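In case you want the letters, here they are:
There are 2 protein chains.
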Amino acid sequence: MTHTDITTPRDTTAAEVDAIVRGAARAASAWKAAPLAHRAEALEAVADALDAAADRLVPVAQRETHLAEARLRGELRRTTFQLRLFADVVRDGSWLDVRIDHADPDWPMGAPRPDLRRQLEPLGAVLVFAASNFPFAFSVAGGDSASALAAGSAVVVKAHGAHPELSAATTEVVAAALAEAGAPADLFQTVYGTEAGVRALRADEIRAAAFTGSIAGGRALFDIANAREVPIPFFGELGSVNPAFVTRSAANRDVDGIVSGFVASVTGSAGQLCTKPGLLFVPEGSAVLDALAAAGLPEGGPLLNEGIAAGFAASFDRVRGHGGVSALAEGSAGAGPAPALLRTSIDAVLADVHALTAEMFGPAALVVTYADEAQLLEVAARLEGQLTATIVGNDDDEIAPALLAALADRAGRVLWNQWPTGVSVTHAQQHGGPYPATTASATTSVGTAAIERFARPVAYQNVPDALLPATLQEANPLGIPRRVNGERPA
Amino acid sequence: MTHTDITTPRDTTAAEVDAIVRGAARAASAWKAAPLAHRAEALEAVADALDAAADRLVPVAQRETHLAEARLRGELRRTTFQLRLFADVVRDGSWLDVRIDHADPDWPMGAPRPDLRRQLEPLGAVLVFAASNFPFAFSVAGGDSASALAAGSAVVVKAHGAHPELSAATTEVVAAALAEAGAPADLFQTVYGTEAGVRALRADEIRAAAFTGSIAGGRALFDIANAREVPIPFFGELGSVNPAFVTRSAANRDVDGIVSGFVASVTGSAGQLCTKPGLLFVPEGSAVLDALAAAGLPEGGPLLNEGIAAGFAASFDRVRGHGGVSALAEGSAGAGPAPALLRTSIDAVLADVHALTAEMFGPAALVVTYADEAQLLEVAARLEGQLTATIVGNDDDEIAPALLAALADRAGRVLWNQWPTGVSVTHAQQHGGPYPATTASATTSVGTAAIERFARPVAYQNVPDALLPATLQEANPLGIPRRVNGERPA
Chain L
1 MTHTDITTPR
11 DTTAAEVDAI
21 VRGAARAASA
31 WKAAPLAHRA
41 EALEAVADAL
51 DAAADRLVPV
61 AQRETHLAEA
71 RLRGELRRTT
81 FQLRLFADVV
91 RDGSWLDVRI
101 DHADPDWPMG
111 APRPDLRRQL
121 EPLGAVLVFA
131 ASNFPFAFSV
141 AGGDSASALA
151 AGSAVVVKAH
161 GAHPELSAAT
171 TEVVAAALAE
181 AGAPADLFQT
191 VYGTEAGVRA
201 LRADEIRAAA
211 FTGSIAGGRA
221 LFDIANAREV
231 PIPFFGELGS
241 VNPAFVTRSA
251 ANRDVDGIVS
261 GFVASVTGSA
271 GQLCTKPGLL
281 FVPEGSAVLD
291 ALAAAGLPEG
301 GPLLNEGIAA
311 GFAASFDRVR
321 GHGGVSALAE
331 GSAGAGPAPA
341 LLRTSIDAVL
351 ADVHALTAEM
361 FGPAALVVTY
371 ADEAQLLEVA
381 ARLEGQLTAT
391 IVGNDDDEIA
401 PALLAALADR
411 AGRVLWNQWP
421 TGVSVTHAQQ
431 HGGPYPATTA
441 SATTSVGTAA
451 IERFARPVAY
461 QNVPDALLPA
471 TLQEANPLGI
481 PRRVNGERPA
Chain V
1 MTHTDITTPR
11 DTTAAEVDAI
21 VRGAARAASA
31 WKAAPLAHRA
41 EALEAVADAL
51 DAAADRLVPV
61 AQRETHLAEA
71 RLRGELRRTT
81 FQLRLFADVV
91 RDGSWLDVRI
101 DHADPDWPMG
111 APRPDLRRQL
121 EPLGAVLVFA
131 ASNFPFAFSV
141 AGGDSASALA
151 AGSAVVVKAH
161 GAHPELSAAT
171 TEVVAAALAE
181 AGAPADLFQT
191 VYGTEAGVRA
201 LRADEIRAAA
211 FTGSIAGGRA
221 LFDIANAREV
231 PIPFFGELGS
241 VNPAFVTRSA
251 ANRDVDGIVS
261 GFVASVTGSA
271 GQLCTKPGLL
281 FVPEGSAVLD
291 ALAAAGLPEG
301 GPLLNEGIAA
311 GFAASFDRVR
321 GHGGVSALAE
331 GSAGAGPAPA
341 LLRTSIDAVL
351 ADVHALTAEM
361 FGPAALVVTY
371 ADEAQLLEVA
381 ARLEGQLTAT
391 IVGNDDDEIA
401 PALLAALADR
411 AGRVLWNQWP
421 TGVSVTHAQQ
431 HGGPYPATTA
441 SATTSVGTAA
451 IERFARPVAY
461 QNVPDALLPA
471 TLQEANPLGI
481 PRRVNGERPA
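The listed protein sequences correspond, in order, to chains L and V. Going by this note's numbering, the residue at position 436 of the first sequence is 436; the numbering climbs one at a time, nothing skipped. Going by this note's numbering, the residue at position 182 of the second sequence is 182; the numbering climbs one at a time, nothing skipped.
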């Protein structure tokens with residue numbers, strides 16, 4: 001079979017969606033029962049297949065997303081790294097959170113304590129809404145799909161309309177690799193079109209959904225998920241302005257470093273990153289402000305698609321037109337809109353927090369001057385939920401402890417003297433935060449803890465050893481870390 | 001101060017609710033910063049104070065709930081055991097799920113890996129809707145409050161209207177013990193009245209809610225929590241019929257044991273337990289069926305209140321009046337409705353699963369005869385979500401593996417040859433399950449994992465050691481188990 005004739009897939013029909021979710025539910029039952037080692041090998045097979053298909057997939061991604069080849073090849077490497085990392089996680093088994101309490105006839109609670117064994121088990125068939133801005137890492141074979149497959153769930157992807165051909169080609173690679181690795185049929189399928197996505201979200205067979213996108217779109221889907229007769233978890237990552245705060249002492253330290261780091265973080269990938277720092281607080285009269293005004297902003301690159309370009313223009317115009325907001329610096333329009341920095345005062349922000357901390361998804365940010373560091377605490381306490389919040393400071397800044405605490409209360413990740421773009425896929429990563437950053441702040445969509453979203457705990461009481469899952473059997477044949485009678489795993 | 005003049009509290013006004021949630025939010029900030037050891041000591045102080053107040057609280061509970069003294073004293077012991085267990089959990093620190101990834105300049109992903117440190121942090125102020133059927137263990141000072149305080153959150157309780165005086169007296173004991181232990185003011189407060197509960201649920205300051213009660217009431221509150229401008233997690237335990245399945249081989253084994261165990265589990269606490277087995281599947285023509293028909297059911301005890309009595313009567317009449325349902329056994333009405341067993345066939349259940357697997361909250365159950373064990377798998381696959389599901393079987397029953405797997409897919413706890421009532425408070429307990437058993441099947445409301453509901457992960461990137469929470473500092477001063485660079489905790 002050759003792959004030279006990739007064509008744009010048509011929208012999936014209602015009847016097709018119904019058949020797809022039924023198939024996914026059947027596949028989920030079989031996949032749930034697959035040994036952990038088999039699950040891990042299948043994830044690695046998918047990673048190998050995607051790496052092998054890079055020369056075919058990357059040109060399609062370039063054409064559909066306008067992203068540069070080097071960025072896309074790096075993103076594909078991240079995607080396959082992520083699949084292999086989840087394979088390691090699956091084998092390690094810590095994420096199952098196995099707890100075993102042996103029967104205790106002398107339990108002080110009046111009745112004997114029964115034998116109880118608890119672990120996380122896969123949810124079943126889940127739905128993944130792909131994002132537009134990472135056509136590999138947050139799309140068909142991205143983190144949501146990888147973590148759901150790792151958890152033992154079956155995946156239905158709703159492809160993003162901005163890169164349909166890449167979605168079809170990626171689905172073909174993933175599904176073929178899974179089939180080759182002996183995974184059940186229909187374990188991984190993709191639907192196309194808004195109506196198909198909504199129909200799948202309402203289907204009885206779908207037991208959770210993950211989403212990365214806009215606040216408006218995400219909230220609409222969240223509402224559908226909750227209005228179902230049987231509501232399902234909706235892991236939505238919606239919007240974040242990712243404020244950054246330069247303390248007074250830091251603003252006198254490394255002006256060039258702050259300016260170049262901030263501008264690169266704002267304009268990289270044409271500002272289309274969910275962790276782009278869209279707000280920067282700097283002291284009034286500081287050299288940072290002058291340097292930002294004088295900074296040469298790069299030429300504008302093309303945005304991902306017309307919808308994003310229109311959304312960026314509208315959100316930029318709203319902030320730009322707000323009373324008290326003026327232009328600070330502007331690059332030149334190239335193949336896309338000119339990168340721009342706007343400027344306002346902290347009093348203006350405090351007077352209209354919602355409007356002036358709104359996300360502008362594109363190459364722009366609002367620089368806010370403050371007179372008194374105490375005002376930073378006032379802003380921090382009133383921020384909407386954020387994926388990230390950043391402090392540029394010195395260790396002995398008097399404001400640092402209180403500002404860190406206030407930001408940890410409003411964000412999922414707090415950074416010190418680094419910029420928030422570039423979300424590394426690691427064990428300790430947290431990519432999530434209070435609403436509207438996400439609809440499920442107790443979870444992450446990046447990093448190994450993302451696997452927990454697609455599983456739920458089940459306890460077995462007094463079940464004979466031979467009938468227990470291997471992970472719960474007394475002899476611990478897989479060597480999984482387990483908490484036994486409350487003792488930490490050995 | 002004497003406690004002889006306990007009076008029924010009036011409904012909390014809107015202005016009072018607003019002040020209470022503001023106070024809770026302030027208290028939450030302070031409590032979050034309290035050292036783990038301090039938090040643990042405060043929980044133990046509350047347990048000690050409740051134990052010391054038993055002779056005062058239990059008579060109030062008896063009068064308001066009609067539950068027997070021995071049952072109430074046992075329940076209070078369970079409640080204080082639970083508080084002390086959470087103190088141990090807080091000190092152990094495993095639940096923080098601390099993960100540390102050191103900076104790695106040679107990270108293979110194109111950019112260096114930053115230093116990342118992640119742990120669970122308290123949500124803030126949370127709302128607990130108390131239940132009526134456990135006036136201690138699932139009420140003011142019950143598992144939800146204990147786990148929220150343990151997590152470092154502040155608690156506002158919405159008292160259950162069925163035991164208002166006990167609620168007020170318990171609140172007084174808990175708040176005084178917390179104050180004595182040096183906890184912040186307003187850490188633990190109670191509101192009274194339906195409107196006050198809804199107003200608190202809608203308050204910006206409230207960041208999560210927990211509930212134990214009916215499907216109708218729970219769903220209404222769940223919908224309110226999700227419709228907020230900023231939606232919050234709603235941990236609702238709503239309803240469950242807790243099916244039990246007697247295999248063909250087991251039905252010929254210990255007829256008396258099965259019958260006495262089942263009847264005790266159905267009629268204990270007048271059937272007002274969320275894990276009461278309300279459905280029993282037995283083979284056609286088995287001796288179990290005859291023995292159940294001949295079983296002497298106990299005299300009916302008083303139900304908790306008139307609302308529950310009316311709800312029980314209505315749900316019982318609906319099932320009793322269903323085509324194909326007949327009476328199997330009936331006790332005598334005493335101070336409450338007569339315990340009763342109804343009977344139908346598995347074909348009738350399969351023809352109307354929703355109606356015939358509906359919960360009857362009181363001393364009744366439906367006994368279902370089956371011809372073919374394969375029909376049990378058909379029923380299991382079509383069950384709504386359950387807190388528990390039980391198999392009475394023999395280890396070598398051919399049906400056992402498939403039936404266990406099917407029930408694990410539909411329930412939070414699966415039991416073998418034990419009955420589901422009596423939910424032990426342990427590390428491996430799971431009290432939760434797919435909707436409508438709960439609105440959040442990834443969580444538990446009993447057992448040590450319940451603490452996780454009231455916290456969310458926060459990652460610190462590149463933050464100087466002296467500015468990190470103690471639990472994340474490099475030297476690990478508290479000796480918390482931590483996953484470092486992906487390695488299992490030592």
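These are computed hints drawn from the structure, not numbers from a lab. Any given hint could be a false lead.
Label-pair ranges, simulated between beta-carbon atoms [claimed, not checked]:
id, chain 1, residue 1, chain 2, residue 2, range
1, L, Gly307, V, Ala466, 41 to 51 angstroms
2, V, Ala33, L, Glu306, 25 to 35 angstroms
3, L, Thr13, V, Pro9, 36 to 46 angstroms
4, L, Ala310, V, Ala351, 29 to 39 angstroms
5, L, Ala176, V, Ala33, 29 to 39 angstroms
6, V, Ser326, L, His38, 44 to 54 angstroms
7, V, Gly321, L, Gly307, 38 to 48 angstroms
Everything numeric in this text was worked out from a predicted model, so none of it was measured. Just so you know, even glycine gets a beta-carbon here, dropped at the ideal spot from N, CA and C.
Hints, one by one, checked against the model:
1. Checking the proposed 41 to 51 angstroms range against Gly307(L) and Ala466(V) shows it holds: the Cβ atoms sit about 46 angstroms from each other.
2. The hinted window of 25 to 35 angstroms between Ala33(V) and Glu306(L) is violated, with their beta carbons roughly 48 angstroms apart.
3. For Thr13(L) and Pro9(V), the Cβ-Cβ distance of about 59 angstroms falls outside the hinted range of 36 to 46 angstroms, so the restraint is violated.
4. Hint check: Ala310(L) to Ala351(V), Cβ distance near 53 angstroms, so the stated range 29 to 39 angstroms is violated.
5. For the hinted restraint 29 to 39 angstroms between Ala176(L) and Ala33(V), the CB-CB distance of approximately 53 angstroms leaves it violated.
6. Here the CB-CB span from Ser326(V) to His38(L) is close to 49 angstroms, well matched to the stated 44 to 54 angstroms.
7. The given range of 38 to 48 angstroms is broken by Gly321(V) and Gly307(L), whose C-beta atoms sit roughly 56 angstroms from each other.
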